[in-house]
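Given the coordinates of chain A, assemble chain B onto it according to the supplied hints.
Listed in order, the protein sequences are those of chains A and B. Residue numbering for the first sequence follows the working numbering, beginning at 169 and increasing consecutively. Residue numbering for the second sequence follows the working numbering, beginning at 258 and increasing consecutively.
Derived by calculation from the structure, the hints in this document are not laboratory data. Here the structure is a predicted model, which means the values were calculated and not measured. By construction, the Cβ of each residue, glycine as well, lies at the ideal position given by its N, Cα and C atoms. Among the hints, a few may not be true.
[Stated by the list, open to error] Derived CB-CB ranges, DEER-like:
1. Ile-304(B) / Gly-270(A): 11 to 21 angstroms
2. Ile-304(B) / Glu-202(A): 14 to 24 angstroms
3. Tyr-192(A) / Glu-292(B): 39 to 49 angstroms
4. Arg-253(A) / Gly-300(B): 34 to 44 angstroms
5. Gly-284(A) / Asp-342(B): 51 to 61 angstroms
6. Glu-202(A) / Gly-300(B): 25 to 35 angstroms
7. Ala-181(A) / Asn-260(B): 34 to 44 angstroms
8. Arg-217(A) / Ala-405(B): 23 to 33 angstroms
9. Lys-446(B) / Leu-331(A): 36 to 46 angstroms
10. Lys-197(A) / Asp-342(B): 18 to 28 angstroms
11. Arg-217(A) / Ile-328(B): 39 to 49 angstroms
12. Thr-282(A) / Ile-276(B): 39 to 49 angstroms
13. Gln-451(B) / Ala-256(A): 37 to 47 angstroms
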Amino acid sequence: MFIKIVEAISRYAIPFIFVGIVGYALTKKVKVYEVFTEGAKEGFHTAVRIIPFLVAMLVAIGVFRASGAMDLLIKAISPVTNLLRIPAETLPMAFMRPLSGGGAQGVKTDIINTHGPDSLIGRTVAVMMGSTETTFYVLAVYFGSVAIRKTRHSLPVGLLADLAGLLTAIYISKIFF
Amino acid sequence: MINIIWAVLILSGFIVGAINGNIQEVTDAAIANAETAVNIALGLIGIMTLWLGIMKVAEEAGIVKGLARLISPVTKKLFSDVPADHPARGAIVMNLAANILGLGNAATPLGLKAMQELQKLNNKKDTATDAMVMFLAINTSSVTLIPATTIGILSSAGGTNPTNIIGPTIIATTVSTAVAIIACKLLGKLPKYQLKHDEYSAK
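So that you can see chain A by itself, here it is in the shape it has in the complex (with noise of 0.2 angstroms):
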């Protein structure tokens, strides 16, 4: 039931926008499409100012992804995650979230197959999915379409929140499922 609401208001959402704003601008005598391809000219040159941004990000990312680093890192750290009690299965999930939104959606994927859908492991990947969001390619575009080079605080706070966001998903998952 909660569903099948939200569905329909994500269904309709963008058309009820379109239809309103444009409504309602033309009671508030908008020359509408003037107006409309005044705003839009702006589009090219944001979409193509994210460029430099998103390829430092997406190279580094591939890179580190392709050769092998990240088990290395999970080998690493795996003593202080077994004594947190976490999955060992779950970790490729909790490194590749933050760094890659297609990545993390392959492992996902892989690791429900792999364990099947009803498994704890495999319930478990799919909170971490929606838990957080691919913090590393969020900084880069939305930084990178106002030409912002200097983060500050940014993906520190981005990281914490996804760490939280994991564990809370890992944690909760065992009481669930």
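Leaving out everything else, chain B in the frame of chain A:
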């Protein structure tokens, strides 16, 4: 921090790749991902143009300001350096709403619009403001009601009740957002991350 992490990713990647004997794959990944990055950025042009156009119409009609004023009781504490009826607040709310509903296509352009508006308040154009850090803290910790893709994967793998991940997911993402907001406020107080006053002042 971002400089160090970037260097570590690059250096450890190439060094471990050389040791593991898959240096060719590492090099290929670098080139392939550079291309992917450009494709992602170029792929944004259409949707970006569309949303910036519609947002401009909303702005002219006074909708963005109205929205900003409407939710200012909630955003006042979080974005204290942004004036109450500034369009940035309207764009931030629309971005967060799109994220919550899982409208990925709309969320990014609205978020970038919010960044542009926040940048207008920024006196030091290459440095993030407090409001930007807070906005991205909330944004990267993601609040999604229905993880639709994941439910789809569980269900196609033969899961018996894939929607029961929704409850735990909402709890986990709420915790990550709460931690993001608290960490943002606390870390922002560290001398290392503070803005000097001559560098930046809220208008």
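Verification of the supplied hints:
In this structure, Ile-304(B) and Gly-270(A) meet the distance hint of 11 to 21 angstroms, their C-beta atoms being roughly 18 angstroms apart. The hint said 14 to 24 angstroms for the Cβ distance between Ile-304(B) and Glu-202(A), and at roughly 21 angstroms that hint holds. With their beta carbons about 42 angstroms apart, Tyr-192(A) and Glu-292(B) fall inside the hinted range of 39 to 49 angstroms. Between Arg-253(A) and Gly-300(B), the C-beta spacing of about 41 angstroms keeps the proposed range 34 to 44 angstroms intact.
Taking the beta carbon of each, Gly-284(A) and Asp-342(B) are about 52 angstroms apart, inside 51 to 61 angstroms as hinted. For Glu-202(A) and Gly-300(B), the Cβ-Cβ distance of about 27 angstroms falls inside the hinted range of 25 to 35 angstroms, so the restraint holds. Range check, Ala-181(A) to Asn-260(B): Cβ separation about 39 angstroms, and the 34 to 44 angstroms hint holds. Distance hint for Arg-217(A) and Ala-405(B): a CB-CB separation of about 30 angstroms, consistent with the stated range 23 to 33 angstroms.
The hinted window of 36 to 46 angstroms between Lys-446(B) and Leu-331(A) is violated, with their beta carbons roughly 20 angstroms apart. In this structure, Lys-197(A) and Asp-342(B) meet the distance hint of 18 to 28 angstroms, their C-beta atoms being roughly 21 angstroms apart. Between Arg-217(A) and Ile-328(B) the beta carbons are some 28 angstroms apart, a value that contradicts the proposed interval 39 to 49 angstroms. For the pair Thr-282(A) and Ile-276(B), the beta carbons lie near 27 angstroms from each other, so the given range of 39 to 49 angstroms is not met.
Distance hint check for Gln-451(B) and Ala-256(A): the Cβ-Cβ separation is about 40 angstroms, which falls inside the suggested range of 37 to 47 angstroms.
When the structure is compared with the earlier hints, violations turn up for hints 9, 11, 12 and for no others.
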